[in-house]
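Trainee: Each chain, written out:
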Amino acid sequence: MSQQSEVIRHSSGQLVTTITAGFREIWAHKFRSLLTMLGIILGVSSLVAMSALVAGMEKGAKEALVAIGGLEKVRIEPREVPVEQRHLIDQAVGITLNDVYALQESAPLVTRLSPEMRLPATVSGNGKSFRPWGLAGVWPVALEMSEHVIEHGRMFNEIDDEMARNVCVIGTRTRDELWGSPERTGIEVIPIGETIYINGVPFIIIGMFQHYESEQERKARELAQREGNQTQQDVVTRDRGRGRRGGNFVFWLKNSTIYIPLNTMWMKFRSGVTLTGFGPGFQATGGAGGATGDPRLSTLELKIASVDTLPEALQQIRNVLMSTHRGIEDFTFRTQEEWAENINNFIRNARLSGGLIAGISLLVGGIGIMNIMLASISERVREIGIRKSVGASTADIFVQILVESVVIAVLGGLAGLATSFALVQMLSSLSPTENAPIVTVSAMGVAFGFSVMIGILAGIFPAIKAARLNPIQALRYE
Amino acid sequence: MSLVELRNVSKIYRLGEEEIRALDDVSLDIDEGEFISIIGPSGSGKSTLMHILGCLDSPTRGTIKLDGVMIHDASARQLATMRNRKIGFVFQFFNLLPKLSVVQNVELPMIYSGVSGRERRERAMASLEAVGMANRAKHRPSQLSGGQQQRAAIARALVNGPKIVFADEPTGNLDSHTGEAILSLFRKLSTEGRTIVLVTHDPEIAAVTPRRIEIRDGKIAEKVDLTLAGLDRPHVVRSPEDKLAS
Chain A
1 MSQQSEVIRH SSGQLVTTIT AGFREIWAHK FRSLLTMLGI ILGVSSLVAM
51 SALVAGMEKG AKEALVAIGG LEKVRIEPRE VPVEQRHLID QAVGITLNDV
101 YALQESAPLV TRLSPEMRLP ATVSGNGKSF RPWGLAGVWP VALEMSEHVI
151 EHGRMFNEID DEMARNVCVI GTRTRDELWG SPERTGIEVI PIGETIYING
201 VPFIIIGMFQ HYESEQERKA RELAQREGNQ TQQDVVTRDR GRGRRGGNFV
251 FWLKNSTIYI PLNTMWMKFR SGVTLTGFGP GFQATGGAGG ATGDPRLSTL
301 ELKIASVDTL PEALQQIRNV LMSTHRGIED FTFRTQEEWA ENINNFIRNA
351 RLSGGLIAGI SLLVGGIGIM NIMLASISER VREIGIRKSV GASTADIFVQ
401 ILVESVVIAV LGGLAGLATS FALVQMLSSL SPTENAPIVT VSAMGVAFGF
451 SVMIGILAGI FPAIKAARLN PIQALRYE
Chain B
1 MSLVELRNVS KIYRLGEEEI RALDDVSLDI DEGEFISIIG PSGSGKSTLM
51 HILGCLDSPT RGTIKLDGVM IHDASARQLA TMRNRKIGFV FQFFNLLPKL
101 SVVQNVELPM IYSGVSGRER RERAMASLEA VGMANRAKHR PSQLSGGQQQ
151 RAAIARALVN GPKIVFADEP TGNLDSHTGE AILSLFRKLS TEGRTIVLVT
201 HDPEIAAVTP RRIEIRDGKI AEKVDLTLAG LDRPHVVRSP EDKLAS
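Heads up: the sequence lines are chains A and B, in that order. Once you know that position 57 of the first sequence is 57 in this note's numbering, the rest is easy, because the numbers rise by one and skip nothing. Once you know that position 14 of the second sequence is 14 in this note's numbering, the rest is easy, because the numbers rise by one and skip nothing.
This is chain B alone, in the form it adopts within the complex:
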């Protein structure tokens, strides 16, 4: 049984008379332990797909089963619980709370799952340890470099033991060297058995994942399975953004 089962999912926005299909009849399965990237240009619908998979949004049509739970028509409270227990997010802009220390940021999900103070601290420290950030626990996010902030954000995403981690352009705000380190951290997590979904517009970044899904105009355009192809990277021209970053 797949961890995620997406069946004929559509997300339709209405702008006056116009109907915008951000997602158009998408079906997708993700197995437990998979390392997968969703790739597509901006406006393709990849963010909408991630939001729906990540329980931040509900589809207009179609069904979604996440870890055995039907979530396409779940209440806001049920979605919040799903986000809290089953899902971890890593964002492009790290999204750490600037007023809290790193360890307090990592504790945040556990506050909403009602973990007691001491256990919260222990688990947060363990999670920071796993991403190599234990020695920065007391720092404020503003005192850290981008890469360190992203590691802290990853520690936060993992701390509640989620079934699936979504990373939305996790390297988009980092230089290529740091970005590489973050990607290898994801790779390491993947080898530890985590299910990771990488959302990016950059084919080169997407190339690190064995399985890639390309979204174009709200539809799945192609599925590339590189596991059998021996991980040979397709030749792509680096985008201008990446050149700026490096």
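Okay, chain A solo, but in the shape it has when bound:
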């Protein structure tokens, strides 16, 4: 009993010596050890870099989610009448302002309602024209609803809406298309008070939103601005070109918005006195449109009090709409939650597959360590014999070999963490996503922990093999 406790005390005191010996062994075979570590270095750095990429993507996706109005936003969209109600198709009224008023009255869980009528349109002005993506007639509340911020001028108000005034609020893309972007022209045009023609109808611009962009885009732009005028041109035009694809699509869409008052939309484009004859896209499904005017909304966006009550709120809205729609289910809900779930799914999958690949490379690194440890002990059979003859126990030899293996893995892990920063830099300049990778401490911790674990696992078998050597045979070994 006392002997055993003595041995334990000894092993703890020996540990420092053993670790030093491990370092010495590694130092004695610098190149071989470096090659062995390389597997762990690559494994750890790819694990960290992969997780940084995914974290960057996740952040970008969450930013985009907030930009379109957060999780509390629900969209009510028209839908084809279900098969069992097809015979009632003539009575389907679609989503109209009536629904909005009814919801305002009877759905207390809904805090904000924003009806929207969309119109495919051609916008011209300043001698140029383009087709915006998001021309919509809305109530002033749409500003808060879609998280828009007016930078210049003002949003139209209830009076503008009531009077059906020909006013509009534009996103920066309209300005860029008609007057040129500040990056291209060098001056920032603020076209407040200018007139643009929407399908030939003149509108006065009374406000312009701020330029929406992801955090990274903003940083890049600010950096380019700071770098002075010469390089500015170059960098930013390229940046603009990139802005149209990938994760920034949401921001691009948002910048393409043109808002006009809902009433104006109705009076000027929808009520039958259509000036240019464009109808909404879903007109084909309903019968009530045409020359008599189409009172149906393209979408109805609403905000609920809190995400926690989402199911209840949806049920409430559904009840109200079923009554106003006379039981015909020609509407559907679209929540951001689905999107958020998609994002989460994607992130989880990316993390899993990336982690798997990085894990495999760590495993390969571990096999490399095991291989070199086996080679090392068969080189050192005599040494093990000598150590045993002067009193090293089986446990002492086991610990010695295991410590060596762990030291290689730990050094490799640390070097891998350092390398991961370089790898992240390289990946972020190569990768197609717009989102800067984020190196997280937890990812580094996990990767490092894995490398230590791999070191232990890889060392166990060679250590057992070494510890089991018969001292007499080991001493005779040439």
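No lab work stands behind these hints, which were simulated from the structure alone. Each hint should be verified, as a subset may be incorrect.
What the hints assert, rightly or not - Partial chain A-side listing against chain B, Cβ under 10 Å, derived:
#1 R24
#2 P78
#3 N263
#4 G385
#5 V390
#6 A392
#7 S393
#8 T394
#9 A395
#10 N470
#11 P471
#12 I472
Claimed, not checked - Computed from the model, here is a short list of chain B residues facing chain A with C-beta under 7 Å:
#13 Y13
#14 S27
#15 E34
#16 F35
#17 M70
#18 R77
#19 K99
#20 L185
Unchecked claim - Simulated restraints on C-beta separations:
#21 D73(B) with Y477(A): 22 to 32 Å
#22 A76(B) with E341(A): 52 to 62 Å
#23 D175(B) with Y477(A): 20 to 30 Å
#24 D73(B) with I464(A): 16 to 26 Å
#25 S353(A) with R118(B): 53 to 63 Å
Just so it is clear, CB atoms sit at the ideal spot from N, CA and C, and this is done for glycine as well.
Guided by the hints, dock chain B onto chain A, whose structure is given.
Mentor: For chain B alone, kept in the frame of chain A given last:
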């Protein structure tokens, strides 16, 4: 009470159907402070005897008591502790670790007995001093001559204050002059009271010890006690190996 008590010890190896008795019913006592040689041709079983006495191996049958501890059925861990505390080995090929300096080699046994760093260094230096190697402490074994390496190995064998030192052909790899010096070092250690067991095939080397045990075919063939005979060396023809060495 004897330091070593060997009673009816046998070591039997099996090679298929064949049974090889490396040691056959050997009984032997060694007293504390004795200088003894075990002599026999190769394959006689003298190495097996030394391994069993030195706790490197366990007997198939029989009992061994070493310094009051029964070791014939001890666990591997107990044997390791015995080797560490009670036994010192000196080998024919010195068996110093080439990557360590001389003093680090001498420290090795103390690492496994948990002596702290500073004390380890002090005791290792003292031990090197005793064999006249203190000025070579920082050298690598490869930078030393054979005799110096063997002195370092002896310093390592003595550093943990063992009860008994086994020297397995300690001069077999040295020229006769250096070998003579190593033998006289052992003689000196013996006069200081160390228990030393010299294992050799060479009767001339065995002649330096007062007591000799000859092993033949796994059995003790003769015991020569020269203490009373006044250390007169028996006349032996030098073996061809020794002629080559000198």
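Trainee: Hint by hint, note whether the structure agrees.
Mentor: How the hints compare with the structure:
| no. | hint | in the structure |
| --- | --- | --- |
| 1 | R24 | holds, 7 Å |
| 2 | P78 | violated, 81 Å |
| 3 | N263 | violated, 89 Å |
| 4 | G385 | holds, 8 Å |
| 5 | V390 | holds, 4 Å |
| 6 | A392 | holds, 5 Å |
| 7 | S393 | holds, 4 Å |
| 8 | T394 | holds, 6 Å |
| 9 | A395 | holds, 7 Å |
| 10 | N470 | holds, 9 Å |
| 11 | P471 | holds, 5 Å |
| 12 | I472 | holds, 5 Å |
| 13 | Y13 | violated, 12 Å |
| 14 | S27 | violated, 22 Å |
| 15 | E34 | violated, 22 Å |
| 16 | F35 | violated, 21 Å |
| 17 | M70 | violated, 14 Å |
| 18 | R77 | holds, 5 Å |
| 19 | K99 | holds, 6 Å |
| 20 | L185 | violated, 19 Å |
| 21 | D73(B) with Y477(A): 22 to 32 Å | holds, 27 Å |
| 22 | A76(B) with E341(A): 52 to 62 Å | holds, 60 Å |
| 23 | D175(B) with Y477(A): 20 to 30 Å | holds, 26 Å |
| 24 | D73(B) with I464(A): 16 to 26 Å | holds, 24 Å |
| 25 | S353(A) with R118(B): 53 to 63 Å | holds, 54 Å |
When the structure is compared with the earlier hints, violations turn up for hints 2, 3, 13, 14, 15, 16, 17 and 20 and for no others.
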